[in-house]
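Protein chains in written order, with my numbering: chain A, 18 to 215; chain B, 246 to 548.
Keep in mind that the hints were calculated from the coordinates and are not lab data. Just so you know, these numbers come straight off a predicted model, no measurement behind them. Treat the hints with caution; some may be incorrect.
Reference listing, derived: stretches of chain A covered by chain B, where coverage requires no fewer than 3 residues with Cβ under 8 Å from a Cβ of chain B [what the hints assert, rightly or not]: (1) 83-93; (2) 169-181.
What follows is a set of in silico ranges between Cβ atoms, one per label pair, in the way DEER data are often shown [stated by the list, open to error]: (3) Arg306/B <-> Gly101/A: 24 to 34 Å; (4) Pro534/B <-> Thr95/A: 50 to 60 Å; (5) Ala120/A <-> Ala497/B: 51 to 61 Å; (6) Glu247/B <-> Pro75/A: 46 to 56 Å; (7) Gly502/B <-> Ala76/A: 45 to 55 Å.
All residues carry an ideal CB built from backbone N, CA and C; glycine is no exception.
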Amino acid sequence: MTWGATGVLSASVAGVPTLTDEEIAAGFARGEDSALVEAYRRWGPLVHTLAVRSLGDPAEAEDVTQTVFVSAWRGRGTYSAASGTLAGWLVGITRHKIADALAARSRRDRSVASATEAAAHAPGPVSPEAAVDRVLVADELTTLPEPQQQLLRMAFYDDLTQAQIAQRTGLPLGTVKSHIRRGLQRLRRRLEVDGGAL
Amino acid sequence: MEHCDADVLALVALGEPAPAPDADHLAHCPLCSEELESLTRVVGAARTATDEDLPAAPPDRVWAAIAGELRLQDSGAGTPPPPARPTGPVGSDGAAAPALPDPAPVRPGPVNGSAARSPEHLRNGAPPAGPGGAVPNGVTPHGVMPHGAAPLGVRRRRRMPRWALAACAALLGAVAGVGATLAATGGETPGTQVTAKASLQPVAVARADGTAQLDRVPAGSRSLEVSVKGLPATSGYFEVWLMDPSHRKLIAIGTLGPDGSARLTVPDNVDLHEYSVVDVSVQPYNGSPAHSGDSVVRGPLSS
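Sequences are here, hints too, so could you generate the full structure?
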């Protein structure tokens, strides 16, 4: 038995329905502990992965994840649903904490003044900005409906032209084009909504 | 000329050449250039993303530290209230799915199978290693997979990184495993026996997931027990399908009950080596027997 999802099996028995993002956000703003639990369950992976991919250091990323949720909970009075999604707000806080961690790291490196230490913490080849884009786009791509998702994967990763995609799938070219356009626009919207510019 | 058509900008963002009039226009129009730039940013992010960019849950100790720092009591953080179902149509945030006027799926058809065989193999691949289902300790009444933990492959072929090869290998292994098990249980087996299972991962609805389990009873008939949670609200119904890995050949085997589960008979002559993927779609009541193209969850059967 190499089937690796026993957790899903046991979890599926109850068939518990899911809170909407808005319901979680409202509960969060009201200070309900259960909403914090739900927010962590839903967006903890996003926050954590943003930190991991931006910082490249698992321990630092865990610290950032913890700090983000602690700060968010303590500062929940400043969250307003009118000005954006809770996910976007959390991503914004995450970006601040990542920037703080990077600043602390460079201070540390300067004070230690050790070449090896500095090399160990050299920033990755990508900016945190690009890391955030990739995590959000990768996440959103997995939520796109079919066949939009499959067509976009073909365009992104198989390097197929839209005409080739139409040929291979048997879908009319116009249909392929409109799915790809809509898919791209939805990915972009995710960057705009949850990108939480610094 | 008028501004570039949105389809053309999408085309160019993906690296295809612009038709000459559009190329000229793009060179001079700040509005269209800006639009193109934002789409190009999306394409660049998607093409450089790997599975490591898919949100994965932090280790349990992170929640423990948060709960500790905030002095949350297990009882205080207790059971979330009975949640309401999302009210929108398919698509957890209701953003794009409802706007799909033509959800034509990739249907079984005359297209040769090998051409598009690869596109969705990896999405059914092995879950990434690491702390997958970490949920807050002691305060969660049900261990729902965290949002975004779906082990979906983001990249394929060309730039296929190591994890992708691993996922392919795992899938091949899983399919081979079904074959072996079915062969092994093909004879007179006393008692009902579980011969294969599938973990159903979200397709269009991020927070839906479920399981499928293939049972064989002594008489030899096979049944598939399917259970899905996090189903979107719908005015239609949920259909269970067996698909081949290229998602081109489909067999509808029944519908889910109101509780999101069903035990369905698998016809004797269906070859589960070939139809090795379980899919659940949301179907409108429009009289069409075809797959709507809106899959909710999907997963490969493996022993």
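Results for each hint:
1. 83-93: It holds, with 5 qualifying residues against the three required.
2. 169-181: As far as the segment 169-181 of chain A goes, the hint holds, because 10 residues have Cβ atoms under 8 Å from chain B.
3. Arg306/B <-> Gly101/A: 24 to 34 Å: For Gly101/A against Arg306/B, whose Cβ atoms are near 30 Å apart, the range 24 to 34 Å holds.
4. Pro534/B <-> Thr95/A: 50 to 60 Å: holds, 53 Å
5. Ala120/A <-> Ala497/B: 51 to 61 Å: With a Cβ separation near 57 Å, Ala120/A and Ala497/B satisfy 51 to 61 Å, so the hint holds.
6. Glu247/B <-> Pro75/A: 46 to 56 Å: Given about 51 Å between the Cβ atoms, the range holds.
7. Gly502/B <-> Ala76/A: 45 to 55 Å: holds, 47 Å
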